[in-house]
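In case you want the letters, here they are:
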Amino acid sequence: MLDANDLNVFPVDAWIQDGVAWIALNLRPLFLAIKWPVEYVLNLNIFLLQEIPFLAIVAVSVLLAWRLASLGVACFSAVALIAIAALGVWSEAMTTLSLITTAIVICAAVGIPIGIGCARSDRMWGVVRPILDIMQTTPTFVYLVPVVMLFGVGTVPGEVAVVTAAAPPLIRFTNLGIRMVETEMVEAGLAFGATRRQLLWEVQLPLAVPTILGGLNQTVLTAMVMSVVVAMIGAEGLGLVVLQGLGRLDVGRAAVGGIAIVLLAMMLDRITQKLAQPGGPGGRPLLRSLRALVRSSRPATSKPAISSPDQ
Amino acid sequence: MTERLRVENLYKVFSKSPDPALRMLAAGAKKADVLAKTGMVVGLNDVSLSVPSGAIYMVMGLSGSGKSTLARCINRLNEPSAGRILLDGRDIVAAGEAELRDIRRKRISMVFQHFALLPNRTVAENTEFGLKLQGVSPQARRRRAEEVLSIVGLARWGNHYPHELSGGMRQRVGLARALATDADVLIMDEAFSALDPLIRTEMQDELLRLQRTLKKTILFITHDFQEALKLGTRIAIMADGELVREGTPQQIVLEPGSDYVAAFTREVDRSRLFDARWAMTPVQPVPLAAGLCLAETGDGGGLVLDDGGHVVGALDADTLRGLRDTTGLGNSGLGTGGLSALRKDFVTVRECDSLLDAARAHRAGRPMAVVDEDGRLTGTLAADRILAGIASAPSHPAGGLHA
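Residue numbers (this note's numbering), protein chains in the order written: chain L, 1 to 311; chain S, 1 to 403.
These are calculated hints, taken from the structure and not from any lab test.
Careful, some of the hints might be misleading.
So these bits of chain L aren't anywhere near chain S, every CB distance computed over 12 Å [claimed, not checked]:
1. Leu-7
2. Pro-11
3. Ala-21
4. Val-156
5. Thr-183
6. Gly-252
One side of the interface only, derived from the structure: several residues of chain S facing chain L at Cβ under 7 Å [said to hold, decoys possible]:
7. Asn-75
8. Arg-101
9. Phe-112
Even for Gly, the Cβ is constructed at its ideal location relative to N, Cα and C.
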């Protein structure tokens, strides 16, 4: 009888081991180059979020939630943040939040341009798409192995894993958003003599913004999940609280970490979800919300006043 | 009228390598043959036409006839497979990328069926879209936007968003956007088809009103033959990618030329389309008396004209016969007694009045005089001629029957 184990003749594990060791040894400059900006942005974020006083962070979060989403979300954010502080994991929560905000910054800086490239070139999309498929079907847990081998352990390698896991939805949604812009809109642009660049900036990107923000919401949630998982490779934050609780069979500690994670995740989800929906409070699309945020002296419900030069 | 736009032997095959299909078409194959043999869809098959400057040129056809393909080839949203499109003598098909962009920015603008307004921009921002692409300064383009918005009757709507406007108003914005660039050629691709009937009629009237002052060269695509008749100075009818009939609305209704075209013209309201000049019987006045002429109306009676050709009265058949019997015509027989027999109850219509107006003016037993702009008699119009003109094409379009 043939036994399944009899087929195990190829030392695949050894090959991969050797391969990764070779890559780690010879491509070290490449990984350092990838690690450097991640480390820089992450440290900046950690510094900011840890140094800004508790009340200031609550105030800013509530204001953001109110202007970008709604009053309800703003109230929830206030309650959630105060609860996290009351649970005694404020510092850890801020570390987790820095992992997430860093992921947003880096994913947006890298993912959106890649998404735009994919939307404009079928060939590029043909190459990127299978990679995204693999990245998104791979369990987040599995990311940790190559990351540890190539980047080591700690918070910064953890951030690399977070970014890697969180980027695919944003790339996908950016590509989708641009491709979904109605042909008549694109033709209107062309018919009035738009260059390719003008077409992108004047027509395609503005109309793709809601979809791209939907992708951003997915990215935030994936980053949230991943920021907990990377505790296993030594990243700090709320994940570490849970992991320590488990390690010491301290159910209370683990639960505190878990509750804080849920509160933080819900808050981030509510705020970013509202971004993608056209019309937050007073039926204002995102860009106008952002504009209103800048000139916050105006009442929230004011119409976008684009005054004519003659008046 | 000078020629603004000329299309010469234009072909469009939807394929990356259209050569086999083009060879088949050149050898006389039809759209269906090419599809069966090569699997390629033919959009345009040897279309040639000439659009005079200042005309509203209607391209009419059912869906799949290639009418939109033709329009979109003009500004090369669709790339023609073969042929030439001459704008003031310059071939658009041969234009390079930069030249094409310049043509699209300055010479040809377009109005879309579903408006294609950017939802994230205000009406004014949409209107100045073309100018923004050209790099016109914000102040200058806003001024221009306000100008054209007031032309289309939306002066106070500049700061609103398209979703706050009704369909008709949105298409006015679409029109304003097309007018803002000052292009002299306007492509209107089924521009009013998405509007409900009342608004559509209103927009058609509006377009005719605007065109009187703007004098653009308009290529208007439509599937509605009534719309083509109403707006068009000339109409081209397309079927299966080919041009099957081209001419003025009256020519096409009179001589459809094929069953396909006749199917559209059958339901046409001729009483509005044709004018009195077209159905009238021309007159040949003969001298009657000093300073007076007689124009026979065909029923035995006649109209009496003065030196200037103006109608002074009518003679019924009996009076005229009496005059002929006693004195003979031309021999100053119409004395004082005869003049008193002149009837003043004749009806006058102008040459440019529609047959519908002529029918309304008609009174039984009273002769109808057709006069030109200066009031001079050019013809007479009998009831049977009016009816024949409304019902179908008379066998003798001019002269004939009663002459």
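Checked hints:
1. Leu-7: holds, 48 Å
2. Pro-11: The claim stands: L/Pro-11 keeps its Cβ more than 12 Å from every Cβ of chain S (closest is about 49 Å).
3. Ala-21: Nearest chain S Cβ is 48 Å from L/Ala-21, so the label holds.
4. Val-156: Fine: 39 Å to the nearest Cβ keeps L/Val-156 off the interface.
5. Thr-183: Violated, since 9 Å does not exceed 12 Å.
6. Gly-252: Fine: 50 Å to the nearest Cβ keeps L/Gly-252 off the interface.
7. Asn-75: Because about 6 Å separates S/Asn-75 from the closest Cβ in chain L, which is inside the 7 Å limit, the hint holds.
8. Arg-101: holds, 5 Å
9. Phe-112: holds, 6 Å
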